[in-house]
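If you want the building blocks of each chain, they are given just below.
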Amino acid sequence: MAPVTIEVGNVSRAFGGRDALVDVTVVLGGGLTAVIGPNGSGKTTLLRLLATTERADRGSVRVSGHDTSDPSGRLAVRRALGYLTQTESLPLRMTVHQYVEYVAVLKEIEPRAWRLAEVARCIDTVGLGGRMHDRIRNLSGGMRRRVGLAQALLGNPALLILDEPDAALDPETRRLMLADLAERSRNSTVVVSTHHTGDIGRWCDRIVVLSGGRIRFTGPPGHLRDLARGRVWRAAEPDPEAWHCWQDSPTTWRCVGASAPDGVGAEPTLDDGYLTALWSPRATRP
Amino acid sequence: MTSEHDAGGTDPDVTGPPEIGRPETELVRIWRSANVDPALEYRIEETLVSTVSGREALGRSVSAERLEVNRLIVMGLAAAPRRGRLERLLVRLGVSDSVARLATATPALRAAWLLATALALLFALATASNSTASGLDRVIVYLTIAPLVPLAGVALAFGTAVDPVHETTVATPIDRSRLLLIRTMTILVTSIAILVVGGALMGGPAVAAVAWLLPALAVTSGAIALSPRLGPQRAAATVGAVWILVVLLVGSVSGHSAAVFAPAGQAFWLVLAGVAAILVDRQRRHSRYFEA
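Chains A and B supply the protein sequences, listed in that same order. So the first sequence is numbered by my numbering: it starts at 1 and just counts up by one. So the second sequence is numbered by my numbering: it starts at 1 and just counts up by one.
Simulated from the structure, these hints should not be mistaken for lab results. All C-beta atoms in this analysis are idealised placements derived from N, C-alpha and C, irrespective of residue type, glycine included. Misleading hints may appear alongside valid ones.
Between beta-carbon pairs, the in silico distance windows are [to be verified]: (1) Leu-93(B) <-> Ala-14(A): 48 to 56 angstroms; (2) Asn-156(A) <-> Ile-278(B): 34 to 42 angstroms; (3) Ala-262(B) <-> His-133(A): 54 to 62 angstroms; (4) Asp-175(B) <-> Asp-23(A): 29 to 37 angstroms; (5) Asp-67(A) <-> Arg-229(B): 19 to 27 angstroms; (6) Phe-268(B) <-> Arg-137(A): 47 to 55 angstroms; (7) Arg-229(B) <-> Glu-267(A): 53 to 61 angstroms; (8) Ala-200(B) <-> Leu-75(A): 22 to 30 angstroms; (9) Glu-68(B) <-> Leu-176(A): 20 to 28 angstroms; (10) Asp-175(B) <-> Ser-249(A): 54 to 62 angstroms; (11) Glu-7(A) <-> Arg-178(B): 50 to 58 angstroms; (12) Arg-82(B) <-> Asn-138(A): 16 to 24 angstroms; (13) Asp-23(A) <-> Leu-270(B): 49 to 57 angstroms.
Kindly generate the complete structure, drawing on both the sequences and the hints.
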């Protein structure tokens, strides 16, 4: 199965006069891509555009050559898509099995015997095999997120779009989920949005940093980290010269700025790279 | 050893193992036949792999992938809950299992169905117990409002406001016009039954219990036909408003709104329903995936 290629060209989208995305251009190939950015940066809007549930005001979104502004293009994408929304609630009265099977019907997974096999497999994959006949209202927040993930995995989709799949997950489950997604991304295209920048670099092939509806960086995690090289330092108190400072221990502050003062530079992390991408006027553009 | 029930090995029911005691070569022959139920297939495989000669016989005919597929299917069937009564009834009546599932398990339908049913019940009871209006006026009010009940159900059956999984639904390849029709039919069947009873309870002429049916069919089909352009909620509101206007207009021109429900009026609503149905069908053919 050839990996799905996503081409977003000069896309803009506004809601009620507020720009959600501004002239966004990015190309995403196979593998795992993490979209990160502050709240309101446009992550969800971008993912909705890729999942064909939102339309662009301007520009084009093509998925493996299919134009999503065209009905037949949208259909082609939806047939290859697994999608987890960020905010959508689940039908709490339904059991896990009922809900996932309901989505399997919507995904036109036929015949019934195969559909039920897929449902059981996906529920097992997210670790809810023992809870599949529980009502969703009786599950914790993290388990409900996994139910959403189970429906997204139905049919082994070639394109997985997951909006904050790690929200409400405990660290161990989150690590397992990321490992599973990284494994899946060997044969498919996986795009996730997340607020957890700390360890995402270990799993993903590509990072897109969004801020104010604009792309501030796109590239491999190592490049994002390198963006902060020579711009990170530690200080006893917040440095007014820095773009951003935060307390990283009871006695020290970590600062990111245009350049580190002599002798106090620190090895950059992905978080530093992310902050540099947000603040630096020289962050890379695709 | 096997029980009497279990002995029915060719029954596609998954609860029992395959016939025990058949020669393995016969089991392989059954297994290799094209129309074997996957569940039975897996049971045969299980039986075969439990013996050395069986494993050899099976190994010559089956790939590991196929074994895994069959295992998954059996696990899936075993894990599936029993279908609900209504769903079983629909399947027995010949409705496909996916349509039966959509009709009985749609999250949004529960609220829409309950509301439409409650509205229909309340409305029927209120009209039946209203003793202040004259007989004909009561009938006309009933006939005017009755078609709006299934229309409200249509408006509630699809959309972000009422469907908790609307966005997930939009991202699937399901034909949304088909989905809307399935949901509409589910609501229509229930509310029509209640409204017919309500009309009968009202005590007017017998025709009053059903005279609203064709107008209801026309306005509901009209709303579905407009849904691709306006969305179900706006379409239902628009059609509902037009319906009320027509009744009032006919009443002011002809002296009484009863003309709307007279034979000529009924013929008009039948034609309108037919035109709307043709439009819906054409929309489905030309653009299977309208954006509601």
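Does the hinted range 47 to 55 angstroms hold for Phe-268(B) and Arg-137(A) at CB?
Holds - the Cβ-Cβ distance for Phe-268(B) and Arg-137(A), about 48 angstroms, lies within 47 to 55 angstroms.
Between Asp-175(B) and Asp-23(A), is the Cβ distance one that fits in 29 to 37 angstroms?
holds, 34 angstroms
Evaluate the given range 54 to 62 angstroms for the C-beta pair formed by Asp-175(B) and Ser-249(A).
holds, 58 angstroms
For the pair Glu-68(B) and Leu-176(A), does the Cβ-Cβ distance stay inside 20 to 28 angstroms?
holds, 22 angstroms
Quick one: are Ala-200(B) and Leu-75(A) within 22 to 30 angstroms, going by C-beta?
This hint is violated: roughly 46 angstroms between Cβ atoms.
Using the C-beta atoms of Asp-23(A) and Leu-270(B), is the stated range 49 to 57 angstroms upheld?
At roughly 54 angstroms between Cβ atoms, Leu-270(B) and Asp-23(A) fall inside 49 to 57 angstroms, so the hint holds.
So does Glu-7(A) sit 50 to 58 angstroms from Arg-178(B), Cβ to Cβ?
violated, 31 angstroms
Please check whether Leu-93(B) and Ala-14(A) have a Cβ separation lying inside 48 to 56 angstroms.
holds, 49 angstroms
Is it true that Asn-156(A) and Ile-278(B) lie within 34 to 42 angstroms of each other by Cβ?
holds, 40 angstroms
Supplied distance hint 16 to 24 angstroms, evaluated on CB atoms of Arg-82(B) and Asn-138(A)
holds, 20 angstroms
So the hint says 19 to 27 angstroms: do the beta-carbon atoms of Asp-67(A) and Arg-229(B) match that?
holds, 21 angstroms
Looking only at beta-carbon atoms, does the pair Arg-229(B), Glu-267(A) fall within the given range of 53 to 61 angstroms?
58 angstroms Cβ-Cβ, so the 53 to 61 angstroms window holds.
When held up to the earlier numbered hints, the structure conflicts with 8 and 11 and fits the remainder.
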